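So you can see what is in the structure, the chains are spelled out below.
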Amino acid sequence: MSTPLLYALTGAVLWGIGLMGLIGLRHLLRKLLALNLIGSATFLILVGLAQHHNGPDPVPQALVLTGIVVSIAATALGVVLIRRYFHLTGRTELESEVPEAGRDEEGHSG
Amino acid sequence: MMQQALIPVFALLCSMLAAAIIFTLPEERQRLRTVINLLAALIKVALVGVMTWGVLNERDYGLSYEILPGVSFVLQADALAMMFAGLSAVLWLLTTIYAVGYLEGSPNRSRFFGFFSLCVASTMGIALAGNLFTFFLFYEMLTLSTYPLVVHRGTDKALRAGRNYIMYTLSGGAALLLGIIWLQGLVGDISFQETGQLKDVDENLHLPLMLVFGLLVAGLGVKAALFPLHGWLPQAMVAPAPVSALLHAVAVVKAGAFGIVRVVYDLYGIEFATLLGVLEPLGWLAAFTIVYGSVRALSQSDLKRRLAYSTVSQVSYIVLGAAVFGPVGTVGGLVHLLHQGIMKITLFFCAGNYAETLGIHKVQELNGAGRRMPLTSAAFTLAAFGMIGAPPLAGFVTKWTLGSGALNVGMEWVVAVLLISSMLNAAYFLPVIHRLWFLSEYEWSYQRRWGRLETHSWLLWPPLVTASLTLLAGLFAVLPFSPLSWAELIAAREYLP
Amino acid sequence: MRSPAARIGMLLLALMLTALLGRSVWQLSMLEPASDLPRQLQDKLAASGVEHPVTAVLLNFRSYDTLLEIAVLVIAAMAGISMARTRSLEDPELRTSDTLLRALLRWLVPLMLLLAGYLLWAGADRPGGAFQAGAMLAATGVLMRLTGLPLDFLRPGILLRIGLVLGFALFLLVGLASAIAGDVFLAYPREFVKGLILSIETLLTLSIGMILLALFVAAPVNDASEPEEGEK
Amino acid sequence: MSNWLMAGLLFTPLALATVSLLLGFRQGRALSWLGMLLQLLVSVGLWWLVRHEGGFYYTLAGWDAPLGIELRVDGLVVTFLLLTTLVASGCGIHAGFYLEPDRPWQRYFWPLYWFLWAGLNTVWMGGDLFNLYVGLELITLSAVGLVALGGQAEALRAALRYLLAALLGSLAYLLGVALVYGQFGTLSLADVAGQVRVSEHALLMRPALVLMLVGLALKTALFPLHGWLPPAHGIAKSPVSALLSALVVKASFYIAARVWLEAGVAVASQWMAQLLGVLGAVAIIWGSWLALCQPRLKQVVAYSSVAQIGYLFLLFPLTFGVEASVSLHAQQGITLQVISHALAKAAMFLAAGNLILAVGSNRVEALAGVSHFLPFSLFSFGLAGVSLMGLPPSGGFAAKWMLLQASMASGQWWWIMVLAGGGLLSAAYVFRIYKASFLERDEQDHFYHPDRRLEVAAMLLALASLGVGVSGSQVLSVMAMPFEEVQ
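Chains as they are written, first to last, in the working numbering: chain A, 22 to 131; chain B, 115 to 611; chain C, 3 to 234; chain D, 648 to 1134.
Source of the hints: derived by calculation from the structure; they are not laboratory data. A few of these clues could be false.
As the list claims (entries may be wrong) - These stretches of chain A come out as covered by chain C in the derived footprint (C-beta under 8 Å, 3 or more residues):
#1 30-44
#2 100-110
What the hints assert, rightly or not - Away from chain C, derived, C-beta distances all over 10 Å, residues of chain A:
#3 Thr24
#4 Leu50
#5 Arg51
#6 Asn57
#7 Thr113
#8 Leu115
Being a predicted model, the structure only gives us computed values, none of them experimental. The beta-carbon is built from N, C-alpha and C at its ideal position, and this holds for glycine as well.
Let the sequences and hints guide you as you build the complete structure.
In structure tokens form, the structure reads like this:
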């Protein structure tokens, strides 16, 4: 088993961990981190799987660089939204204590 | 040649255009709205007249273009189409006049007349549709454009009736669509043609075709108010009188009945349908509906509901005619398409007049109304006798032809149904006439007067015209261009030489 | 928290995914490689204007990806500054101060700027390039912010916005120029490849640094907000 | 010629985004009018070009695939470009008068709008799997930004939920792409399609296909992955909701469909196709039912999107293992569904926004008596509803008809039941709105006539959705324009 293949297999494991974190955790920042983990797992597979045969393949490396920037942008956007959400509500979780339906019934009084 | 193809299109467009203009008119532009309405109605009558003349001389008004891969939008004017188109054009003109008078001073008239025009455009489309696809297009358009008319008053009751109406008709539409798509899968895109299109199909398609027939009739039967799909009709009575008149005499109910006639004669062909054996159950269903509707009408104390059940019964005469094999029976059914239209519209016009002038809704409130409103009551009486089938009125012609047609092919039970139905008709109409003329005046809670006339002149003329048509259609049934002779023309073209 | 059943379900889901993914990776790794993409890349590298294959892919062969990636960054930055106060991006209340850090900073800032410049320059033939250099610039700013240096120049005004899109705009202009010159969109003229790529990289470095810094500094504390539709 | 047109499609939205970021809301608006006109000219020009000279591959930066990025321009792409121009312009015009120009954050509307448009153009033309990923992210982030723009907590919550779901979807798709690259060593969809047909190990692509489809289904909000859509589409400003429902969800579906049709059908299995169809069918039923239960107007429209998206997924069973002619019918039906839903849903959201503006409330009951004032917007809403119900004469009906035909011809009669039942259910929620508007109340209600320009935008889109119904063949003929392989 070559090292790049090991990376790819690690990526598979990280995907599982990340997915579990994304679904299971409630804190928004943790969810975002889980997504980052999934992103890294994907990049590992992308790079690892492609170049275990005949030397390095620069194309997936470049793709991963692009992917990283995109995921940074997405993470930054997520953090900005989370910070503002926290600023307005003081909450760090999506699910509110009041169920959605109840809110609809009482209507808006703003 | 090109202009010929365009005439059906113009006939459709003139009321659609009227609708579009009316929707944008502000509420207070009453005069302009009336002018546009009447102008469009007159143009339509003229166009239909031209086409009728052309059809008589075997001219071809066809238009077809591929609307989707594999199906075409087809308009064509044949004798049957012109019968329905003529009915709706003439009655639309009268109903428009009536509606202008009826709704004078009430709110939401731009909305009302806009949808009213759309509704008539759909009816015209149904008449001129050259294949099932096109027919369905306008059939559903009719559903949509009548909904706002049914719920026009905006009361809870009206909205509930509207919901029921939509539930029934859209489910019917779905059944119809399934039938159409199945048929298309079996035999491809076929257009309506006299003597039918399916004569030569393969033997093993017979069973699916029977099922398709069932779906089509179920879909069309909702609008035609065949038992047990008639539930929406009595409820839809909450609509304003001109709408009820239009719904019952021309548009919705007739669209269903007309569709069944189209399917039997021009799609399956009467001979092939008989071969399949689907007509007999249809006939029984129609017969049952005739009796059922009449029985239910007996017990209604609300005038409009009584008329509604009478419609359930009367429209099935048309279906019954379609189910009876043989040219004479066909004539009987077809001619009733027109006769029922003019008679029923008269009755609804009159009912509206009573409601508007004296606030009458219940049958017992009609006591003595004949002396207060003699012309309206005369029209009502004439139309009611027509419904019963008294000679020499239009209804008599129907029943006579239908009966003799059935006897010709050995369906004696049809005559029995006709007799029972006529007796029941008499049983629920004669007491009303008796009340009108021979009982002392009811204490009406409110009375409106319009000068010397017994009611608003725009409300008075339409029923008088249609009532006299009832008489004339019976008296001059043998003359050319009478409903009877036109029906005979169609029947002659529908049977294989 | 979640019920035990839900947790076990999630665990199973994750395990299943991992197993299937691992199996698939394993199977695919057994295949003969179908592609000769690395060889093609080697053949065309000379024509690309940069020596390092990754940079060649990023800025030449797949430059459209890179263009869009910068656009994604700009979007994030816009969302960030749209929520800050209109006067200044940062929230003075969140300002911290640390004397030791400040002392260190005198040494660190010039070094980091130098490093950023090196990374940018090295991108042509070694790992490095605009993003790394920009990240280094931003890190410098972050350090300054953490030591409590007021970053008043970061106002959500026109200058900041110009700074955010400068690199992107140049990238785009080059693309357009190539289309006007009759070649395809984003094709660099042979003679200027090196110079163009370098100038794009430089401006991109500045913009990326600014974007990241703005995202870090911008405090989403604007108290006004859009009412929901239908509310007064 | 083609160079200019492609530069117009790829460059101008990005350039407009850049420039409008430097301007205020009003100047940005003026600039955007120009941009819309330009997009219209360019997409019509492209239509003309493809019609006369056939479709083509366009290699970006002068490097052929697989090394470079290749864009594919064919009839279908032109159809989608024209649709995008129409819908996005309608929403843009509406937004220009709908949003309050003086709020400081509104200046970011136009840049986000144009970035979104650029992403859409990229996705329609994309022929490179990774480039499609970047395009998708461009769309996602700008869409999230638009939902959250200046919003309250509720809007932020919706935006966050949307962001998390969309990112997970993109990453699942990217994982699929990574596996594809590991297997075939290429990112060009055309290459993959070619190799799948000759490779003896083609079936190993299945996990990649599943991952891509699942990820894209999540982004398209297929049941049961639809939870993020109604809050986001319901809470965004109406023109934004319109853009999201009409175009954004279609982008991910479009990629799924392209991958499926070019490579997927060769390696998929019957149960995958049927499963996707079943999920679509459940979405139709469940989405319509939830739409019926919503107390707020825009939520009704948003849940209706969940249902309408369900129809799109009937593509998969109706194109797998069937005759070519049936598959063609299904593709035509789905294309019509995409087009008519885009037009109708955009019209509906815009009209809903106008109605909310007119009655001052987002609740369905607040519509009582609105029809009394004969607002144009109610009429637009109604016309759009006709298309959603799949009643003639509308694009929705044309689409339904084609799908029915395909189901009938492929013998998969169970979809016929779904199509018929779905139509009735959507009628239920559409008529609920009609009914509310026809109710007459005694008390004097407050009613404001919104700006005429707002009403016209909604009306034009609604009329266009009807127009698709009466000219289905013409619309589909654009899709069937010839494609000439340039290689």
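- Task: Run the C-beta distances from A:Leu50 to all of chain C and say if the shortest one exceeds 10 Å.
- Result: 14 Å, holds
- Query: Are all C-beta atoms of chain C more than 10 Å from that of A:Thr24?
  - Reply: 12 Å, holds
- Query: Within the region 30-44 of chain A, is the number of residues with a Cβ closer than 8 Å to a Cβ of chain C three or more?
  - Reply: holds (count 10)
- Distal placement of A:Arg51 relative to chain C, Cβ over 10 Å: 13 Å, holds
- Item | Outside-interface status for A:Leu115 - nearest CB in chain C farther than 10 Å | A:Leu115 clear of chain C: closest Cβ-Cβ about 14 Å, beyond 10 Å.
- Message: Using Cβ atoms and 10 Å as the threshold, tell me whether A:Asn57 really stays out of contact range of chain C.
- Response: 14 Å, holds
- Three or more residues of the region 100-110 of chain A near chain C by CB distance under 8 Å? Per the Cβ count (7), the hint holds.
- Item | Whether A:Thr113 stays farther than 10 Å from all C-beta atoms of chain C, as the label says | 14 Å, holds
Of the numbered hints listed earlier, not one is contradicted by the structure.
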